[in-house]
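Chains as they are written, first to last, in the numbering used here: chain W, 1 to 115; chain U, 1001 to 1510; chain F, 2001 to 2151.
Hints were generated in silico from the structure; no laboratory data involved.
Each hint can be trusted.
Just some of the chain F residues that point at chain U, by a computed CB distance under 8 Å:
no., residue
1, F2071
2, L2081
3, F2093
The beta-carbon is built from N, C-alpha and C at its ideal position, and this holds for glycine as well.
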Amino acid sequence: MMVYFLCLVLMTMGLYCLVAKKNIVKKVLGIVIMDYAVNLYIIVIGYKTGGVAPIVEPGMSEGMYARFVDPLPQALVLTSIVIGLGVLALMVSMCVRLYEKHGTFDMSAISKLRG
Amino acid sequence: MSLVPLFVAIPLGMAFLIPLLGRWWKTSGEVLATGGTALLAVMSIMSIGMPAVVHHMGGWEPPYGIAMVSDGLSVLLLIAINIVGFLAVMFSLKYMRIYTGLPKYYSLFMLMVAGMNGVVLSGDLFNLFVFLEVASIASYALVAFGTDADELEAGFKYLILGSVASVMILFAIGTVYAVTGSLNMADVAREISIRFGGEMSPALLLAAAMFLMGFCLKAALVPFHAWLPDAHPSAPAPISAMLSGVVIKSLGVYAMCRVFFHVFGFSPELPSSLIIANGIIAFSVLSIVVGGLLAIGQWDFKRLLAYSSIGQIGYVTLGIGVGARVLASGGVRSLAALAILGGLFHLINHAAFKSLLFLSSGAIQHATGTRDMKQLGGVREKMPVTGLSTNLAALSIAGVPPFSGFWSKLVILVATLQAGLYAIGGIAIAMAFVTLAYYVKVQREVIFGEVKGAVEKAREVPAVMYVPLVILAVVCVGFGLLYPVIGYRILEPARDALLNGAEYIKLVLG
Amino acid sequence: MKGMTLIVRTITDFVVGFIVVFGTYIVLYGHLTPGGGFAGGVIIACAFILLLLAHGKEVAFSKLGENTAHFLDSAGALVFLLLGWVGMSAGWFFMNTLPRGEQFSLFSSGMILPANIAIAFKVGSSLFLAFSALAIFRRRSFRAVIEEELT
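Using the sequences and the hints given, assemble the complete structure.
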């Protein structure tokens, strides 16, 4: 129970970093922290106390299957990590291009459009 | 062989084929994109009126496997996405000549269409999230396509806010999996109705709240709208048309409907569903007011259209929210049906006229080089076709009879007043007059009036660019006049699909 | 683009081959051990990125040229989509129709092995291209950051 709450705390820390920092690279890091916090949350959902890794080896009996941790969240997180990688690549390349245009990473100097 | 996986496989195939051939065959992007989207548009029109189809990917039966489901609501959105996509591609054949790196543009465009088709056809929560991300990432890159300082900043802002929304949606999906043990939408619905028949557990309430926040951010409802007024004007015109016309609807409004009507369900036995319905109505009213009031003072044509989008999406979700509230408080079922019909009708109307308005702003920018309304005027004399179709769209979105916008707004307002929400109905009626006001401003400043400086040297845009405008204008007029012939065949299956949650479970799980 | 010191370059020369072999192992046995196409593709991309960092852009591009990487990128994705169509012959998209041999051997998974290989090509080449695109930009803006920090 405590572990889920700690994942939520990690996500809130990422959200704080996104909101409170002015450097756009730090904002990108905030989003990455939030992304990985949610991935961690999903893996922990599948955990079973006293479980073993869900890999079938030659000579395993049927009774062993009940002791596996849940493999479905692991598959979900694999996909989610790939998505996070794609978004990170796009964010970083946008930061690089923004630096070339404005000469600074400071958000208050970059944002000229009114919201 | 079922058509359903083709809707995702064809644009994905085109998206991967275009960069491959783009190194030797310079116009590969144009040819393949036009052919692909034309084929998709034809396929989506062919699927009107066909019975609902479930396609099991890999042969695995649900709930173990991933299913792709095409019911009435999906067909409605498929028609909107593919037809607007085809017309936007046709428009960008000439408009995007001023940009470089065109094969990448068409490849990203096809990825966006593939992602949206996947969202609309998905029967599984995580599959919905994956396609939502595919479409979102493609749209982030397309908004910043021109790599000017303005476009990059708008794209960056859109990217950050969209990523926050996706994180919240993923958190909610994880929570739903933890509580119910399954990811298939029909299976989750059945588990929730069996196990939590009386009350939603706190974990499911948290999941519902996170879903609501995430999808409202994708649909740009107030107070989650901060990215839209920067992203839509800065994008190239066909991308603005796609974004405002179909992306915020399929990623935001459709996903919200699918998750809240089918997975969580609205009924008098679940008291927390009334809270969700009231939340949707509250966000819609805020969007209508803020979008309308902020649009009046704008002098940038595309920015005015962007704020108008916020307001009109508020109308769509108002109709759907009123229907949800009537269902959740145990009211008359036909009233809920009327409200949902109004919301869905306004959804497809808005797809037609908002994309027409953004494409025409692109045509005006192509011909005159500006989108500042202080420098435009009398477009109708120099560019008659563009002026006429923009005029029709403006009349339709302002709610002038007998165009289509009037009928859909009338249905939403009648349903709101009949449901007993008199104050909200009054606000919506007042804001309809405000909508008329700023579209009269558009007409006075841009279309009619005397020819001002920038419009002096304008000529009519090439045929490839004004044919989509004409087709969309015909749709605007046609939906209004020919509803008993065309409209009911598209809208009534969608409305029935949303109202009958139990049918969806039976359809998918057999 | 300048590379790194002599020690780094020597160790890289020894290690790069092993990294590629290890990545290939993770790709090929993806149906039996953890890993699969994406993880193996990332490891193979890391081998080429290590070449880029240690020796410089010219050496890395001589091993895996830019045109080859773009081609492998698109071709890998198209092969993956075609594998879905192969499954359509049995009625459902992505159905696993290739023959399965005995359990726990290399060819025991039907369609998963070609899918892993296609994804490894795509992921490896696109990560290498993304990194090299950022590395080319990095040179111009890094100098500006250094000058800004010093003044």
